[in-house]
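Residue numbers (my numbering): 30 to 78.
Since the hints were made in silico from the structure, they are not lab data. Be aware that one or more of the hints could be misleading.
Pairs of lysine-lysine, DSS-like flavour, derived with a Cα cap of 27 Å [stated by the list, open to error]: (1) 68 to 55; (2) 69 to 55; (3) 33 to 61.
Owing to the predicted nature of the structure, the values given are computational and were not obtained by experimental measurement.
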Amino acid sequence: MSIKTYRPTTPARRQMTVSGFDGVDKHARPEKKLTEVLKKNSGRNSYGR
């Protein structure tokens, strides 16, 4: 993994470094047991309001 450094546009950015996350696969499917179905009626009653 690489270390990403920022250009010093502000005093805080001058010291800022983060991990590059090069080895992380963004398109990998999550483990099935770790996922949960979300309900689709968020904040609505039986009338839909």
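These are the hints, each one checked on the structure:
1. 68 to 55: OK: residue 68 and residue 55 at ~25 Å, within 27 Å.
2. 69 to 55: Between residue 69 and residue 55 the Cα gap is close to 25 Å, so the pair holds against 27 Å.
3. 33 to 61: violated, 32 Å
Hint violations for this structure: number 3 only, all remaining hints satisfied.
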